[in-house]
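Protein chains: 4
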Amino acid sequence: MNPLNEPFAAGGAGGGWDPVGIAVVGLGYWGPNLVRNLYESSAANVALVCDMRTESLERIGRRYPRVRRTTSFADVLADPEVEAVVVATPIGTHFALAKQALEAGKHVFVEKPLAASLAEGAELVRLAEERGRVLMPGHTFLYSPPVEMIRDLITSGELGDVYFVSTSRVNLGLHQSDASVVWDLGPHDFSILAYWLGQIPTYVTALSRGCVIPDTPDVAFINLEYGSGTIAHVEIAWLAPSKLRRTTIVGSRKMVVYDDTSIEPVRVFDAGVTLPDPETFGEYRLSYRTGDIVSPRVDVVEPLFLELNDFCQSIRTGTAPRSTPALGLDVLRTVEAAERSLANGGARTEVEGASVTLP
Amino acid sequence: MNPLNEPFAAGGAGGGWDPVGIAVVGLGYWGPNLVRNLYESSAANVALVCDMRTESLERIGRRYPRVRRTTSFADVLADPEVEAVVVATPIGTHFALAKQALEAGKHVFVEKPLAASLAEGAELVRLAEERGRVLMPGHTFLYSPPVEMIRDLITSGELGDVYFVSTSRVNLGLHQSDASVVWDLGPHDFSILAYWLGQIPTYVTALSRGCVIPDTPDVAFINLEYGSGTIAHVEIAWLAPSKLRRTTIVGSRKMVVYDDTSIEPVRVFDAGVTLPDPETFGEYRLSYRTGDIVSPRVDVVEPLFLELNDFCQSIRTGTAPRSTPALGLDVLRTVEAAERSLANGGARTEVEGASVTLP
Amino acid sequence: MNPLNEPFAAGGAGGGWDPVGIAVVGLGYWGPNLVRNLYESSAANVALVCDMRTESLERIGRRYPRVRRTTSFADVLADPEVEAVVVATPIGTHFALAKQALEAGKHVFVEKPLAASLAEGAELVRLAEERGRVLMPGHTFLYSPPVEMIRDLITSGELGDVYFVSTSRVNLGLHQSDASVVWDLGPHDFSILAYWLGQIPTYVTALSRGCVIPDTPDVAFINLEYGSGTIAHVEIAWLAPSKLRRTTIVGSRKMVVYDDTSIEPVRVFDAGVTLPDPETFGEYRLSYRTGDIVSPRVDVVEPLFLELNDFCQSIRTGTAPRSTPALGLDVLRTVEAAERSLANGGARTEVEGASVTLP
Amino acid sequence: MNPLNEPFAAGGAGGGWDPVGIAVVGLGYWGPNLVRNLYESSAANVALVCDMRTESLERIGRRYPRVRRTTSFADVLADPEVEAVVVATPIGTHFALAKQALEAGKHVFVEKPLAASLAEGAELVRLAEERGRVLMPGHTFLYSPPVEMIRDLITSGELGDVYFVSTSRVNLGLHQSDASVVWDLGPHDFSILAYWLGQIPTYVTALSRGCVIPDTPDVAFINLEYGSGTIAHVEIAWLAPSKLRRTTIVGSRKMVVYDDTSIEPVRVFDAGVTLPDPETFGEYRLSYRTGDIVSPRVDVVEPLFLELNDFCQSIRTGTAPRSTPALGLDVLRTVEAAERSLANGGARTEVEGASVTLP
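Chains as they are written, first to last, in my numbering: chain A, 11 to 369; chain B, 11 to 369; chain C, 11 to 369; chain D, 11 to 369.
Watch out, some of these pointers could steer you wrong.
Result set (EDC-like, lysine to aspartate or glutamate): computed pairs, CA atoms no more than 20 Å apart in a straight line [unchecked claim]:
#, chain 1, residue 1, chain 2, residue 2
1, B, 264, C, 274
2, D, 264, A, 274
3, D, 253, D, 225
4, C, 253, D, 133
5, D, 109, D, 133
6, B, 253, A, 280
7, C, 109, C, 91
8, B, 253, A, 269
9, D, 264, D, 168
Partial chain B-side listing against chain A, Cβ under 8 Å, derived [claimed, not checked]:
#, residue
10, 62
11, 221
12, 222
13, 243
14, 270
15, 273
16, 298
17, 300
18, 301
19, 304
20, 308
21, 355
22, 359
In case anyone wonders, no lab produced these hints; they're calculated from the structure. Yeah, the Cβ is synthetic: ideal placement off N, Cα and C, and Gly gets one too.
Let the sequences and hints guide you as you build the complete structure.
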């Protein structure tokens, strides 16, 4: 069992400290999942839920009759039981809600992306540091066991140099009214790549199209270049014949296919190319190696549960969460570079302040 | 059975005209497949095979003892039985060999790509017209039943507008010593896209890396923009954990997955998004439609057999082959634009003389 | 949406009658699923849950704090709010619990199989008729949209004569302490086959082995013969490298693969064999036909929800449920024949009272 | 590379002895494959081919113009260049042809099954011993690298005790005019099981149906019981929506899926059940173990090539071939038991002379 998981399972022993009083704001598509996981964790206590739509509140009420409900964000800010606020509203509202919560002395968890711009995100980070409060962006995939396993394969050197990564995250739906597919799905892949590679790209080149709603891109092809030489392609779309969550990582020693829809989400291929003696280099007598394929056993655990526990633990113990504010900003840098590339007709675009993110 | 196939099966009735006397030049990886298909067709007579490597000639000799063999291309040019020359040598030699053959009055089939540059290709086309000889580039996939079926789905309007195409053509091997993956695998996808869409891209943006041999790209991510609004992504690589030949075509009415490694190579998805009444447009209340999925029956026939018969038929009857010289030039235009994009650090690059190719 | 589903969704309009007051008895592996579906249906009201294990009761209590709980079955029988009892306890207790509930005037839903023997089952049926109460065996798969779709394909004649059926229902776990795999998994396939074919087998031949626990079969191969000429093979196991839920139905006109683990659970193959003119029969010049393959769109709905609503509807309206007591007895006849075959060293064994079940 | 393969590749060094002069008799569906593999092996010399149909001879002649052809079996027997005869005719003729060939002093390879009855097979074995000639049944799957790899997994103990085996070998076609599916496909699975388990079954129970041609079974479900406790199910059919070649082997320590249609033909699952301390046995607290899944690299080589080389090697060196006459007889024993079971209405039937076959 994942160590992040153990102490917090419902009814379990807990981490030795009191559950964190939490308000969940925004009960649309994703909010109920946050409520459910917090409800089942011994690390948290869902004190309050907040949404402007009474219908959404009632639906939660039927399932969790003991949880208090409100349509007013002011109630959230004023509630003494609420130590931390979980924000799961449309992207455009992230900044205003998180800012008010931090100013009210609350810890804040914001669903990805952290904010609607790098400038907004940086202001939130500054504010959280100033007030000594935890600010955590909800990059859930960092808590996915397959993603973590692949990070271990990379950082341990088992894959060798990462030559390139190619990823497809497509399915039919859900068009967002307030954001392009780049803002909606891009943060998933950008955060995973940052976590795996320990860096963000230096250049981004993007091509997109608003197929269904003009000016709202619903498909994008994004090429990324990293300082290390690694290149990557990210395909994201709300239009697709079938759901794909497939990432290929090609290393100099081994290769990996990560398919989040498969019961074998990680497959490690002992395959590659061997260059002969450099003296005979000119002859290009490469030999290809194809060995065993291994599907390692992967824990089955809900990443969101681990992520929310990490948030609570960070509040109680002061340790940094895996999904750091710095990573949240790096994701915003990548999204903004992709958007600038699109605005400039697909020009190759430098990422602002690209630098190594993680150790 | 495909109509191109019928009259030429080995021992079949034939097209009512004499078999075309053919020489196959180049017996490396692909040449033996050309010999085998020509040998089994009643439309052709393999008069001569030519390769500088006696070992390759001997291997063919063991299998086809009656076929004459030579190490000298001059023998090919001088042979009165040889009406047509099939060129399957490294790309850099296509121009010189095809030029000599045309000048010697032979019809010429050149494995893809037609030549190593647009200028070379254009010179060959000019020469063929001048001499009244058939010149045909070997874009085999145009003769693949799944590719043809998808062209029918597109041109009949069954898919609606083609929003975008995404394609992956990757596997482990075979690094070429004289060409990048863009010259080696790119022509397959560029010719298929030209055949399907009836146009070539106006802009190309490419990213590549020479992972194994520096300066010899073995992976490339290529974004394509078409005048019609269609966008496409082409991923090609000689490095991959497993073979992929997967193309997704997303149309406004239906979607298709073409997987050339599957026994169900074409799958048609009756899926899409419905926009509501334009007046309520601002509300984005899209509805998603997912209906039946159909794998239509596809003929099992070797595309190369059909292609070579089309070449012979073109020689005997004067009809244009499906794989026209004009399409061959359009493929070269696309490859060159991709190469220019790479040479310019991944800049978005205009395709020279982009224009509609096919009716 | 399935018509059985529509009026009962949580918060929906309901069927125009009061929700049925229900007690769920047995909160082991399956019981909580029954509670959850009843809780979300407007057709039912979970008045009481009952289990001897206080731990199980507490777990339900955390999730549904308003539901009353008891460790005493006598409380269930005495409770005036309880109109119907849902029994989800080990097989050996089905008879005693259902009998008491019927005698107390309750309607009864019993998880499959209806009882631990045909004699017990028949006694329950007699008692329910005598008391005028609904008795319904929980053959959930009869409410699975793919199963229903295949029944339509069969009864409409689209498949032609059903030549044979072959089915595998295997995975790793869950060994039952009180029953063999034949009693545990067999009823699923036997009920599906009865529903599809409208008959039960006339002969059963079985082979099994208790691999892990001697004398507790955890794998069985069961051959079935039907009066219509159809033959079937049922493979069931608690030991398997991966989960399989795959059934092949071969008809004289079309064939179907039903895979309950796939997102395309029903695939219809327009394939078969054509016999030539009977006069030339001796020559066996068969022609094979392989046409399109269609994956029809299948509703995504939880069968258990539909099944429990059918139970409530039967109580309120007096209509027979799809899963009739007669079908429940036929399943017991088949299980008992398989067990007799095993007890007789794998002898071919007649099914008691085999007769057409369904119209 | 498989050691059986190495010395015999076309043009290779050979085993240090002269190629065996061979006649191939029967050029129907399978015969041309035999000719092609013998033609490419340095261990053999195809001296003569024989078929009553001149059309079949001509087709071979076009491909192998140097090979002599005859319509008369007497020519085969009389030809001094022919040291060995390969029989690939309908089953009913195996005995007569093999007998004459042995009596004429030839070595004989007979496509599976060895003969049309155990009595015939035994007579051939007796005759071969008497004359000191090699007699080899063509059980090709014994030379398939996946089959060999699984045998190693079993005999090395890596799988533990083999609890059970379940196998499906079905596809659409090819109905045989002179044999049931039991005689046609059964020998494949019966020979593989004999090779893996080192024994033949003691009891067989079969159910079949002639769906298309009455009295010619084209589907059969066959249950097998072995003295070791292992049980097996064999499903074979000429009628199926899609080709299946899937075998599951469940051992006490590991499990294997062998899929001959997959590019990963062998998959080893580190999965199983752990029984607790025997003292607490009554509680059945089993724990399930699911670990890594490994697809070991498997040689890609044509089994038929290895098999024919083994035949030649046996002739030249006197070593027993892997596919022994004894195994051929054991397969006939199993087929005959299945046929007797069918003739007796599906009764459980003892296998004649069941005994351990292989070390």
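For each hint, the structure was consulted:
1. 264(B) to 274(C): With Cα atoms ~17 Å apart, residue 264(B) and residue 274(C) stay inside 20 Å; holds.
2. 264(D) to 274(A): Within the cut-off at roughly 17 Å; holds.
3. 253(D) to 225(D): Since the Cα atoms of residue 253(D) and residue 225(D) sit roughly 24 Å apart, the hinted pair is violated (cutoff 20 Å).
4. 253(C) to 133(D): Violated, at about 47 Å.
5. 109(D) to 133(D): holds (9 Å)
6. 253(B) to 280(A): holds (14 Å)
7. 109(C) to 91(C): The given pair, whose Cα atoms are some 19 Å apart, holds under the 20 Å limit.
8. 253(B) to 269(A): Holds, at about 16 Å.
9. 264(D) to 168(D): holds (7 Å)
10. 62: Violated. Min distance 17 Å.
11. 221: With a closest approach of 4 Å, the residue 221(B) hint holds.
12. 222: Because about 5 Å separates residue 222(B) from the closest Cβ in chain A, which is inside the 8 Å limit, the hint holds.
13. 243: Residue 243(B) check passes; min Cβ-Cβ to chain A is 4 Å, inside 8 Å.
14. 270: At 16 Å from the nearest chain A Cβ, residue 270(B) fails the 8 Å test, so the hint is violated.
15. 273: Because about 17 Å separates residue 273(B) from the closest Cβ in chain A, which is outside the 8 Å limit, the hint is violated.
16. 298: For residue 298(B), the interface hint holds, since the closest Cβ of chain A sits about 5 Å away, which is under 8 Å.
17. 300: holds (7 Å)
18. 301: Residue 301(B) check fails; min Cβ-Cβ to chain A is 11 Å, beyond 8 Å.
19. 304: violated (12 Å)
20. 308: Since the shortest Cβ distance to chain A is 17 Å, the answer is violated.
21. 355: holds (7 Å)
22. 359: With a minimum Cβ separation of about 10 Å from chain A (threshold 8 Å), the hint on residue 359(B) is violated.
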